[in-house]
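A.B. asks: Each chain, letter by letter, is given below.
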Amino acid sequence: MIDFSSLAVRRRQRWRQVRDRLATLLISACGIGVIVAVLAIGVFLVMAAWPLFSAPRVTAESASPGVEVAYPLQAPLPAGLEAWLREQRLERPPRALDERLWLAEAHRLARIDLAGEAPTLVARLPVVAPERRISAVASLAGGRSLIIADDAGGLRRWLVEERPPWLRLAKTYRDRGTPIEALWVRPGSRQFLVRDAAGLSLYDALAGERWRGELPAGEALGFDGEGHLLWRGEGVVRRLAIEAPHAEIDWRTLWLPQPYEGHAAPQQRWQSAGEGSLDEPKYGLTPLAWGTLKAAAYALLFAVPLALGAAVFSACYLPRRLRHRLKPTLELMEALPGVVIGFIAGLVLAPFVERHLAGSLALIVLLPLAMLLAGGLWAWLPTALRRHLPLGWAGLWLMPWLALWVALALWASPWLEAAWFGGDLRGWLAASLGLDVEQRNALIVGLAMGFAVIPSIFALAEDALSGVPASLGEGAQALGATRWQTLWKVLLPAAGPGVFSAVMIGAGRAVGETMIVLMATGNTALMSVNPLEGLRSFAANLAIELPEAVPGGTHYRVLLLSALLLFLFTFVVNTLAELVRRRLKRRYRRLGAGR
Amino acid sequence: MRRAGRPRGEGPWPWLAAGSLALSLLMLAALLLLLAGRGLGHFWPAPVVLVTLDDGHQLAGQPVREERRRTLEGHWVRERLYRVGNRDLDGEAWRWVEVGRIVAEETPEAWAVIERRRWGELIVRPLALEEAGRRLTEAPLWSAFEARLERGRALAEERDALREEVIAPLARRLAAGHDDAAARERLVAAQARVAELQAAMARDVLVVESAAGERLSVPLAEITAAWRPNAMSPAEKLLAWGSNLWHFLSEGPEAANSAGGVWPAIFGTVLMVLLMSLLVTPFGVLAAVYLHEVAPQGRLTGWVRIAVRNLAGVPSIVYGVFGLGVFVYGLGGRLDAWFFAETLPSPTFGTGGLLWASLTLALLTLPVVIVATEEGLARIPDQQREAALALGATRAEMLRRVVLPMALPAMLTGVILAIARAAGEVAPLMLVGVAKLAPQVPVDGDFPYLHLERKFMHLGYHVFDVGFHGGDVEAALPLVYATALLLVGVILVLNLTAILLRHHLRARHAAPGTR
Amino acid sequence: MPLPRRRLRHLPWVALLLIGLIGGPLQAAPPIAGTLHSTGSETLASLMLRWGEALEARHPGVRLQLQASGSSTAPPALVAGSTRLGPMSRPMSESERAAFEAAHGYAPLAVPVALDALAFFVHRDNPVAALSLAQLDAIFSDTRRCGAAAPLERWDALRPTLSGDISRYGRNSASGSHGVVRRLALCGGDFRLDVGELMGSAAVVAAVGSDPRGIGYAGLGYLRSGVRALGLVGEDGTVVRPTAEAALAGDYPLTRPLYLYLNLVPGEPWPPLERAFVELVLSAEGQAIVEELGFVALPPPRLAAIRREIGLAPP
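Protein chains in written order, with the numbering used here: chain A, 1 to 595; chain B, 1 to 515; chain C, 1 to 315.
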């Protein structure tokens with residue numbers, strides 16, 4: 001009996017242990033799984049953006065039987081044109097044909113317009129040095145760029161213009177080298193193959209040389225329907241498969257000014273192609289990065305003083321009871337959805353500020369003055385009245401006072417404008433400071449997004465300040481320091497890193513906020529510091545363009561790359577802030593915070 | 001703390017600090033007041049003002065707002081916007097009027113606001129009622145009109161009920177290939193009844209006159225609501241306000257989302273958030289328990305903890321991108337290839353939908369839950385664990401019986417904060433499954449009742465959509481305010497709950513042994 | 001400001017007639033039920049919504065699910081098959097059509113459903129009445145392919161009594177309006193970088209209506225009292241105002257047909273849902289909705305021709 005029951009106990013014991021193992025296993029599996037899933041975001045983004053930077057490849061493979069040339073190497077001339085050329089005794093020089101005909105004559109290029117009834121020679125343009133000869137010409141899709149090669153190995157891209165000088169040099173891929181024999185443009189793309197005596201190269205119009213290899217024996221026939229080159233050598237037709245889906249992307253085309261078609265100078269542009277394949281897609285990330293940082297900077301410029309001021313006041317002056325009420329209230333402010341703030345900012349605030357521009361700008365100076373004035377007036381108040389308006393409660397009773405000043409400034413806005421700016425502040429800004437004014441501008445975004453990040457900066461900074469061991473502050477005050485001196489000389493140096501990390505967290509939020517920027521700006525990808533002009537941020541750009549991007553395409557992958565950049569930026573910033581915060585916590589513990 | 005003595009020598013800085021706090025609070029208050037005022041004010045029946053201009057023209061409308069600005073030619077103007085309705089008569093439902101040109105304003109009782117199914121509102125003076133082309137002489141006109149409108153409404157209700165409850169299910173059944181004669185017969189009978197009702201509804205016509213003197217005949221079947229704001233007492237207005245508010249909350253959108261209610265959006269938001277919390281709670285809690293109780297507390301765990309915490313700061317749009325790339329295109333495409341191959345190329349799960357939206361938001365809020373739960377776990381004194389283990393409990397038992405119950409409030413706080421964050425997020429949803437209009441809510445009577453693959457409407461996206469995409473922003477603006485107010489209200493209530501819960505939790509841990 | 005009078009005083013009677021008619025043909029019709037997915041143009045969104053409502057009234061078992069973020073979203077969705085119905089405010093480009101054919105093996109069916117005149121809007125204060133296409137190009141483009149020598153930066157350059165710089169508003173690049181303006185008004189050039197890219201036509205009109213220096217483009221149907229539509233000065237100096245009549249007559253150059261693209265296997269009978277929808281769109285009731293929303297309805301002869309072409313019975 002006893003043995004039996006102890007057996008049962010033992011069995012139960014073992015069962016409990018098994019269950020314990022199982023439970024631990026389950027928890028570990030789930031926990032690790034969840035954490036891995038969460039961390040997978042970074043991995044996914046890296047993997048999705050990776051193919052953008054894989055080097056293009058050209059590989060020779062046996063062509064499937066029956067494959068035909070879909071695009072010849074050089075477009076045939078229309079019959080009438082052929083006759084005209086014979087008449088002019090201009091038969092077989094290197095040429096390119098689009099809406100016009102380009103003919104090489106030694107070092108000059110003749111531009112022949114075909115729009116009229118008869119072809120007309122518009123101009124002969126010297127495009128290479130006089131001692132060289134043009135060896136090949138090709139026109140890119142859309143007919144707005146020419147690629148010109150010469151017998152000294154020079155290779156250049158020229159942009160076609162509608163008025164003299166007719167051609168403008170955009171890019172020199174190389175100046176000298178082995179003489180170039182032929183240029184073949186891949187159909188439906190902005191890539192071209194260059195054959196010289198030493199080998200074969202693949203170029204992208206923007207990114208330059210992307211691949212170089214040996215020249216196979218034999219001769220090129222033309223491109224097949226998928227844009228691969230067909231090649232006949234030693235009696236068999238082979239296919240040179242060109243794998244360069246994202247050839248236009250390298251770090252230079254993403255970040256540096258590029259000579260885009262139609263523009264006189266190299267440009268930083270983000271203009272995805274949208275409709276039609278003839279346009280040159282412009283994937284310059286710099287304006288977007290600029291916009292992201294500009295929005296964040298203006299938001300912080302607005303939020304940091306307010307949030308830190310509020311945190312300081314809350315930590316040092318507020319009565320305890322009020323503080324316990326006030327903190328949750330400001331936390332509620334953090335919960336306000338971006339879409340609501342963005343809607344108010346874009347549809348209500350932006351037009352309102354534009355109508356009251358003078359008053360709104362005046363408020364930047366006026367409100368701090370009003371606060372100081374309140375302080376001055378308060379010191380003159382009779383003691384009885386002052387007892388009813390204690391300094392500790394100033395955060396509350398200043399509200400109507402400030403509201404009064406806001407109303408006053410807005411009401412006086414037209415008079416301000418009339419008195420100081422000749423009645424037209426916008427014109428005055430443009431004329432004397434060179435500032436353009438857009439209705440939906442960085443100032444509005446700064447205001448709205450600043451409003452959204454105030455609570456998170458406030459909460460963290462307040463925690464850091466009020467976490468400073470009480471003994472430090474009390475010691476300072478006992479030595480006769482005022483509360484402000486205590487704060488400035490004791491608390492802030494102790495809590496400095498915490499305040500810094502609060503600002504960092506705020507910056508992280510501001511960089512990634514989507515809806516506010518999307519709704520409160522005009523999403524113009526400009527690069528200016530002017531607070532009264534618009535901007536376009538990474539996050540808003542993703543929301544606008546990702547739904548239309550074809551998965552796997554260049555546009556899609558560049559967008560994912562920008563998501564990766566956002567991810568990395570916020571991740572690094574937050575990690576820094578977190579590390580600082582941890583160190584601070586340890587320091588407080590050492591200093592003997594008894595909380 | 002010192003009481004309010006004269007703080008000599010503190011200088012101007014405290015005042016700037018106090019001012020910052022005041023300004024922050026002021027902005028918050030202004031935002032909430034603006035939302036509440038505009039959002040709730042929209043449902044109040046505004047008076048109709050008959051305005052006479054200096055050139056003798058008259059217009060009747062509801063004043064909306066005033067604007068004072070400088071024109072391109074450099075002089076100042078003050079204009080007032082009137083909602084004048086009558087879009088089919090004047091081509092425009094809004095009029096800006098220069099305030100200086102107004103000679104007289106009056107609020108005559110006879111003027112009515114009439115809402116129609118097409119062409120928006122009428123702001124007119126009713127003249128007479130006609131029945132099948134014959135003028136009626138019932139008096140007073142307005143009460144006769146209301147009675148007939150009520151009759152029409154009853155007919156319309158019967159028709160809609162027939163359509164929704166009889167014809168639609170039957171049609172779906174028959175279209176799905178279940179062909180039986182009885183159903184077909186019932187369908188035909190119901191359709192005949194509907195035709196009868198339609199004919200009966202088309203009987204009455206109201207003749208009205210606009211401020212410009214144009215006459216118009218409005219069939220009562222076209223009228224959805226009518227009221228005479230100038231003749232209403234405050235009590236009647238309050239009643240109308242309540243009923244308008246109720247319609248807003250309980251009905252679907254109309255007129256291309258620029259009118260009507262937001263019920264499907266409320267439903268979609270709540271359902272999505274519910275699904276998300278079902279997903280996030282167990283996984284978040286398990287991950288936190290693993291991190292805090294099971295994993296070896298080495299340097300690696302520390303780094304993982306920091307990483308998880310930081311993911312809470314990663315922009316939500318990045319999660320949306322992840323959801324689109326992995327869930328929608330990756331997982332969804334795979335699921336379709338395996339289980340829904342017969343409907344390809346139309347994707348079932350390979351496009352944005354409820355499931356992917358909830359999953360994405362669950363991922364987004366996972367760090368919040370993990371961090372909050374871990375904080376709760378860290379608050380539990382180690383003695384509790386040691387005591388349980390010393391009494392012979394295994395680790396699983398210790399966790400289940402001692403640790404988790406004590407950490408329950410912390411978990412709840414985490415989940416509520418997660419819900420509050422998820423309810424307000426719009427950016428990721430734009431990528432993974434929100435729809436402009438999805439009148440078919442994802443729950444219905446068709447098997448399997450909950451349709452995870454469907455798209456859904458969302459309050460936050462509705463704000464964005466109506467405010468920026470709608471046909472007439474001016475008309476939609478009040479609705480946007482009301483929707484935004486609703487969204488903010490929901491989120492504030494959730495947050496308040498979390499804050500109170502946390503308060504309660506802290507209070508309990510401050511006084512140990514009360515449990 | 002005088003606004004064009006609608007010539008639809010008889011509408012109530014049409015509506016009455018229609019309400020009476022709805023019951024009639026329904027008795028004979030086979031029951032139709034299911035969900036119709038549509039992805040595409042934002043311009044057509046309000047039309048699609050209203051057509052969807054009307055369709056639901058006709059066939060109570062039918063639902064329409066709509067996603068509308070721009071015409072460029074329709075072809076990918078049609079190619080992927082996530083929708084059979086792709087409303088677009090511009091014709092498909094060659095590459096989009098090729099992608100569709102590569103995926104399905106046949107061409108998509110394009111049904112013109114309405115006309116839309118794109119108009120350039122200015123604030124109601126703005127006295128400028130008409131601009132030429134070259135001037136618009138000089139305002140909106142920085143490549144200026146239509147031939148203007150210098151960009152137009154300020155209103156003074158157009159009319160000396162005005163002052164102030166020009167604020168430009170436009171649509172995001174996914175939208176058909178963006179593409180049409182680029183093709184027709186900018187001669188295929190690039191937009192300036194400071195042309196605002198707003199997410200909806202209504203947002204463009206709202207922005208122009210609140211900005212006295214603003215100019216922006218959107219469909220004529222978005223004309224509101226806060227803004228005025230500009231006429232276009234032709235090469236011979238005549239001014240064409242954006243009106244329904246000018247659009248129908250083909251005088252107004254910025255007119256575009258709005259399309260429904262359908263994924264239908266040629267030769268097979270139409271699926272009943274799509275058939276019912278197109279049937280409704282091309283009926284008098286569907287075109288009345290077009291007119292109500294401010295677009296230009298197709299005239300009856302053209303409707304009949306379209307119906308014949310795509311194999312629908314005449315109404």
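Keep in mind that the hints were calculated from the coordinates and are not lab data.
Glycine included, each C-beta is placed from N, C-alpha and C at the ideal position.
Keep in mind that the hints are not guaranteed to be accurate.
Partner residues are not named here, just some residues of chain C that face chain A (Cβ under 8 Å, in silico) [said to hold, decoys possible]:
| id | residue |
| --- | --- |
| 1 | Thr143 |
| 2 | Arg145 |
| 3 | Thr161 |
| 4 | Ser163 |
| 5 | Ser173 |
| 6 | Asp190 |
| 7 | Leu193 |
| 8 | Asp194 |
| 9 | Gly196 |
| 10 | Glu197 |
| 11 | Met199 |
| 12 | Ala206 |
| 13 | Ser210 |
| 14 | Glu274 |
A.B. asks: Each hint should be assessed against the structure and marked as holding or not.
C.D. replies: For each hint, the structure was consulted:
Look at C/Thr143: its Cβ gets to within about 4 Å of chain A, closer than 8 Å, so that hint holds up. At a threshold of 8 Å, the smallest CB-CB gap from C/Arg145 to chain A is about 7 Å, leaving the interface hint in force. Checking C/Thr161 against chain A by beta carbon gives a least distance of about 14 Å; that is not within 8 Å, so the hint is violated. The beta carbon of C/Ser163 is positioned within 8 Å of a beta carbon in chain A (closest approach about 6 Å), and the interface hint is therefore held.
Restraint check, C/Ser173 versus chain A: the minimum CB separation of about 4 Å is within 8 Å; hint holds. A least Cβ separation of about 6 Å between C/Asp190 and chain A falls short of the 8 Å threshold, and the interface hint therefore holds. Hint status for C/Leu193 relative to chain A: holds, with the closest Cβ pair at about 5 Å, below 8 Å. This hint holds: C/Asp194 has a C-beta 5 Å from the nearest C-beta of chain A, less than the 8 Å allowed.
Checking C/Gly196 against chain A: minimum C-beta separation of about 3 Å stays under 8 Å; hint holds. The criterion of a C-beta within 8 Å of any C-beta in chain A is met by C/Glu197, whose closest approach is roughly 4 Å, and the hint holds. Taking 8 Å as the C-beta contact cut-off toward chain A, the hint placing C/Met199 at the interface holds, the least distance being around 7 Å. A cut of 8 Å between beta carbons decides the hint on C/Ala206: the least distance to chain A is about 7 Å, and the hint holds.
About 4 Å separates the beta-carbon of C/Ser210 from the nearest beta-carbon of chain A, less than 8 Å, and the hint is met. About 23 Å separates the beta-carbon of C/Glu274 from the nearest beta-carbon of chain A, more than 8 Å, and the hint is not met.
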